[in-house]
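Asker: From first to last, the protein sequence lines stand for chains R, L, P and D. Quick note on the working numbering: the first sequence kicks off at 1 and runs consecutively. Quick note on the working numbering: the second sequence kicks off at 1 and runs consecutively. Quick note on the working numbering: the third sequence kicks off at 1 and runs consecutively. Quick note on the working numbering: the fourth sequence kicks off at 1 and runs consecutively.
Among the hints, erroneous ones may be present.
[Unchecked claim] Taking lysine-lysine and the BS3-like style, the derived pairs with C-alpha atoms no more than 30 Å apart in a straight line are:
id: 1; chain 1: R; residue 1: LYS14; chain 2: R; residue 2: LYS224
id: 2; chain 1: R; residue 1: LYS141; chain 2: R; residue 2: LYS94
id: 3; chain 1: R; residue 1: LYS94; chain 2: R; residue 2: LYS226
id: 4; chain 1: L; residue 1: LYS125; chain 2: D; residue 2: LYS168
id: 5; chain 1: D; residue 1: LYS182; chain 2: D; residue 2: LYS136
id: 6; chain 1: P; residue 1: LYS120; chain 2: R; residue 2: LYS94
id: 7; chain 1: L; residue 1: LYS125; chain 2: R; residue 2: LYS133
id: 8; chain 1: L; residue 1: LYS185; chain 2: P; residue 2: LYS182
id: 9; chain 1: L; residue 1: LYS133; chain 2: L; residue 2: LYS159
id: 10; chain 1: R; residue 1: LYS96; chain 2: R; residue 2: LYS226
id: 11; chain 1: R; residue 1: LYS226; chain 2: P; residue 2: LYS147
id: 12; chain 1: L; residue 1: LYS226; chain 2: L; residue 2: LYS160
id: 13; chain 1: D; residue 1: LYS168; chain 2: D; residue 2: LYS17
id: 14; chain 1: L; residue 1: LYS185; chain 2: R; residue 2: LYS125
id: 15; chain 1: D; residue 1: LYS147; chain 2: D; residue 2: LYS120
id: 16; chain 1: L; residue 1: LYS185; chain 2: L; residue 2: LYS94
id: 17; chain 1: L; residue 1: LYS141; chain 2: R; residue 2: LYS185
id: 18; chain 1: R; residue 1: LYS133; chain 2: P; residue 2: LYS168
id: 19; chain 1: P; residue 1: LYS182; chain 2: R; residue 2: LYS128
id: 20; chain 1: R; residue 1: LYS160; chain 2: L; residue 2: LYS160
id: 21; chain 1: P; residue 1: LYS147; chain 2: P; residue 2: LYS120
id: 22; chain 1: L; residue 1: LYS128; chain 2: R; residue 2: LYS141
[Stated by the list, open to error] Label pairs and their in silico Cβ distance ranges:
id: 23; chain 1: R; residue 1: PRO84; chain 2: L; residue 2: GLY198; range: 35 to 43 Å
id: 24; chain 1: D; residue 1: ASN137; chain 2: P; residue 2: GLY54; range: 44 to 52 Å
id: 25; chain 1: D; residue 1: ASN137; chain 2: P; residue 2: ASP181; range: 57 to 65 Å
id: 26; chain 1: P; residue 1: GLU146; chain 2: L; residue 2: THR74; range: 30 to 38 Å
id: 27; chain 1: P; residue 1: GLU146; chain 2: R; residue 2: PRO59; range: 23 to 31 Å
No wet-lab data here; the hints were simulated from the structure. All C-beta atoms, glycine included, are put in the ideal place defined by N, C-alpha and C.
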Amino acid sequence: MSLFNKITDYDTVKSVFFDGMTLLFGGFGGVGTPPGLIDCLIDSGVKNVNLIGNDAGFPWIGMGKFICMERAQTLLASHIGSNPVAGDLMNQGKLKVEFSPQGILVERIRAGGVGLDGFLTEIGKGTKLAYDKPLVKIGNKEFLYEAPITGDVSIVYAKKADTFGNLLFDKTARNTNPYVAMASKITVVEADEIVPMGSLDPEEIIVPGIYVKHIVQSKGYNWKWKWEMTDNA
Amino acid sequence: MSLFNKITDYDTVKSVFFDGMTLLFGGFGGVGTPPGLIDCLIDSGVKNVNLIGNDAGFPWIGMGKFICMERAQTLLASHIGSNPVAGDLMNQGKLKVEFSPQGILVERIRAGGVGLDGFLTEIGKGTKLAYDKPLVKIGNKEFLYEAPITGDVSIVYAKKADTFGNLLFDKTARNTNPYVAMASKITVVEADEIVPMGSLDPEEIIVPGIYVKHIVQSKGYNWKWKWEMTDNA
Amino acid sequence: MGDDRQRIAQRAAREVKDGMIVNLGIGIPSLVPDFLDPSIQVFFQAENGILGMGPTPASQADGNLSNAAGLPVTIVPGASYFDSALAFGMIRRGCIDVSILGALQVSVRGDLANWIVPGKRVPGVGGAMELAYGAKNLIALMTHCEKDGRPKILQQCSLPITAFHCVKKIITERAVFSIQDKEMILDEITPEFTMRDIQNYTEADFTISPHLQPTTS
Amino acid sequence: MGDDRQRIAQRAAREVKDGMIVNLGIGIPSLVPDFLDPSIQVFFQAENGILGMGPTPASQADGNLSNAAGLPVTIVPGASYFDSALAFGMIRRGCIDVSILGALQVSVRGDLANWIVPGKRVPGVGGAMELAYGAKNLIALMTHCEKDGRPKILQQCSLPITAFHCVKKIITERAVFSIQDKEMILDEITPEFTMRDIQNYTEADFTISPHLQPTTS
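For reference, chain R alone in the conformation it holds in the complex (with noise of 0.2 Å):
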């Protein structure tokens, strides 16, 4: 695993997870979240996960898949409507959901990327989602203080990886996946295809490899969309 090899395999990853541990995961409705890691993550066995993404997915897609089995105990998310088994593992008390406004969410992972200390907005200002954020006085206006996002492991799905981790994504693939890959201790990235370094323009490189400590090469997705199933059984 040296700086400029991090190919490495499922099974390996399966021992970055961990019982409590903080993971983000890139995705948006399912759509870029890395269909093997979270396999992988499934047959690691750990629990008591708190999870941070934009949404839990659908029940049998992305991050839905992981939560249906009951092993999150927190989610941090935009979003639980298309996966209604979240809603009812709230609503029953094993599931505690935070909810964010989504592009709010994406600047905190974003701030924890950066490495910066947070931000002040008015989005959510007065409502139930802003109850327990301080709120900062700059002048005369009031805003609501919102704190870094950073995880004890990220996992990412990309277009392409190189064997430094310098990737790229496809098309709304992209969504939160960048800045997901910048905000935990370790990051794992799924790559649909793994190429040599010097094989990627340096113009198309959304994320650098500097961020990137583990790649596995991807099989594509394993689950059905919604609009590809022909009832919604």
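Guided by the hints, dock chains L, P and D onto chain R, whose structure is given.
Answerer: Chains L, P and D only, in chain R's frame:
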């Protein structure tokens, strides 16, 4: 000047500049500062301009050319060492210079460009640069509050623009340009190449055209770099 | 009910003008593109990371090209992909000319409630707070009443608020209201409904526009 | 003087180990690559927006490919370009293994002064504050004294501070000091200099390492 065709000429751009405006400019040591727009700014005759950018360029390079004409009243930058004229004007009281840490400055411009109300950091705490910045206590820690920066006009140098204003940049000429492009009421882009909509790969676009108001054709750098000169005259 | 949703979307489509940057929420707003004047050119933004979204693909949908609801889309010439931080940067910065959102309730002052029905539905807040904060114009679409007839246009929302004082226009299958200076004005009534149909099923106080019109499609 | 700068850079090069991410400041630090062990592989980061910077081009320099000092450079395989916000994001986030900066003064507790001589030189602070904050290891390079012999390694800096308690090592043409727990330790003396040469020209209190060595190149 429709949403989908923003190409114009330098004469039209002149009328965008005005006395006392706050002007944000892209570039790092002159690299990525739009040479044609600097000349256009000079030709426009405006004065008492409030400049915000990474540095003061060199006396014959980048924003340095304009600064040497004593038509800027303030400069917010991280570095002016490459333009001794700027230092002289500062020491003579003819140019009010405020220094910011380099990465903090570009983050402040980004904060303005993405509609956040500033951020917190420990960088610069206790130094002379922090003298008038609010201190914000979160938990037991005190941070400097860094305010967002926005401008009246931004000038930006792109490698390619399509007629909508989608932009991409060339190597290290990217630097602060993407965020400068987002942070003013009016953004003017000088591009080495202007192409029809649909000619750019949607993945390679760095700045979506939504931020751009005017596009002009560049003739490239019209100054000699320091390392191209036979002596330092 | 299906008809109502179509009718609301059809009326909402008239708010979208040539050259606009438009963000559509999930639910009824996602039907708006079906009713756009084909002579106008607009750019649809999606908060997962597209500017220049096109219609649903006729075939061969791509799992990595979807809108913010996770449904497959296409792109138009001039489109760009970016990360969601930039997508919301655009929204907060005021680059969206009109945002059309589904609503659960709207108050007389333009407060929007659309993210949770405590103890029952928990969709989550998504990007609605940012859209309410940043969009130049925010239009709320909803059926006029609950299924049991209870009004959704209220003096005060009973559901948790998404954002305060943000809705500028409400479009239902019965009427169109605008909200100016925290005051609600009835601008249009759908021809099949009477003034009493509106008054009895709208809790919020409103004034009637001197230019009151029948809603045309 | 030219020799001193080369000598300092040559010693500093030994601090750069295989597999490191390295950021070099302007001035003496920019000479460090000339002295690197050719058997090691490192990545140089530049705060204008490169990871994987290579040497000065032999010919055909590109005006749009420069380091943070504005001088032409090249890139190595695996390099990437990015904006300066991300460049400083890496720096603040602790991705830089070693940052080697030029200094005007360093205090006994590792305070760094390198951005302004009030009323005289006004270079500006550049990226030094962020590097001092974020780099895992910060090494300050400077000549041991002013031209008139006044020391630069002080109990307290007289020049405005760039960042407090950040310098971990000082390399001059005369000596190498490390700073641990706000205490300064003399680790090496260049063979041509005596202990008195160090003591007389260093204002800061320091202890002598039990492993004191002559500096080798």
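Asker: Are the hints correct? Go through all of them and say.
Answerer: Taking the hints in turn, this is what the structure says about them:
1. About 25 Å separates the Cα atoms of LYS14 (chain R) and LYS224 (chain R), which keeps this hinted pair within 30 Å; it holds.
2. Restraint check for LYS141 (chain R) and LYS94 (chain R): not satisfied, since their Cα atoms lie roughly 39 Å apart, outside the 30 Å limit.
3. At most 30 Å may separate the alpha-carbon atoms for a hinted pair to count; LYS94 (chain R) and LYS226 (chain R) meet this at roughly 26 Å.
4. Distance hint between LYS125 (chain L) and LYS168 (chain D) is fulfilled; the C-alpha atoms sit about 19 Å from each other, no more than 30 Å.
5. Restraint check for LYS182 (chain D) and LYS136 (chain D): the C-alpha separation of about 16 Å stays at or below 30 Å, so the hint holds.
6. Proximity of LYS120 (chain P) to LYS94 (chain R) is assessed by CA-CA distance (about 16 Å); at most 30 Å being required, the pair is judged to hold.
7. With a C-alpha separation of about 24 Å, the suggested pair LYS125 (chain L) and LYS133 (chain R) falls inside the 30 Å cut-off, and the hint holds.
8. Only pairs whose Cα atoms come within 30 Å are accepted, and LYS185 (chain L) paired with LYS182 (chain P) is accepted, the gap being roughly 28 Å.
9. For the hint linking LYS133 (chain L) to LYS159 (chain L), the alpha-carbon distance of about 37 Å lies beyond 30 Å, and the restraint is violated.
10. In summary, the hint linking LYS96 (chain R) to LYS226 (chain R) is supported, as the alpha carbons are separated by about 26 Å, within the 30 Å threshold.
11. Taken as a hint, the LYS226 (chain R) and LYS147 (chain P) pair is honoured in the structure, with Cα atoms around 27 Å apart against an allowance of 30 Å.
12. The suggested pairing of LYS226 (chain L) with LYS160 (chain L) holds, with an alpha-carbon distance near 25 Å, which does not exceed 30 Å.
13. With a C-alpha separation of about 16 Å, the suggested pair LYS168 (chain D) and LYS17 (chain D) falls inside the 30 Å cut-off, and the hint holds.
14. Distance check on the hinted pair: LYS185 (chain L) and LYS125 (chain R) sit about 26 Å apart at the alpha-carbon level, within 30 Å; holds.
15. Restraint check for LYS147 (chain D) and LYS120 (chain D): the C-alpha separation of about 16 Å stays at or below 30 Å, so the hint holds.
16. Restraint check for LYS185 (chain L) and LYS94 (chain L): satisfied, since their Cα atoms lie roughly 27 Å apart, inside the 30 Å limit.
17. Note on LYS141 (chain L) and LYS185 (chain R): the hinted pairing holds, with a Cα-Cα distance of about 22 Å set against a maximum of 30 Å.
18. The suggested pairing of LYS133 (chain R) with LYS168 (chain P) holds, with an alpha-carbon distance near 28 Å, which does not exceed 30 Å.
19. As the CA atoms of LYS182 (chain P) and LYS128 (chain R) are separated by approximately 22 Å, the hinted pair is consistent with the 30 Å bound.
20. This hinted pair checks out: LYS160 (chain R) and LYS160 (chain L) have alpha carbons roughly 24 Å apart, not beyond 30 Å.
21. About 16 Å separates the Cα atoms of LYS147 (chain P) and LYS120 (chain P), which keeps this hinted pair within 30 Å; it holds.
22. About 26 Å separates the Cα atoms of LYS128 (chain L) and LYS141 (chain R), which keeps this hinted pair within 30 Å; it holds.
23. The supplied range of 35 to 43 Å is met by PRO84 (chain R) and GLY198 (chain L), whose beta-carbon atoms lie about 40 Å from each other.
24. For ASN137 (chain D) and GLY54 (chain P), the hinted distance range of 44 to 52 Å is satisfied, since their beta carbons lie about 51 Å from each other.
25. Remark: the range hint 57 to 65 Å for ASN137 (chain D) to ASP181 (chain P) is upheld by a beta-carbon distance near 59 Å.
26. As the Cβ distance of GLU146 (chain P) to THR74 (chain L) is approximately 58 Å, the hint placing it in 30 to 38 Å is violated.
27. Taking the beta carbon of each, GLU146 (chain P) and PRO59 (chain R) are about 28 Å apart, inside 23 to 31 Å as hinted.
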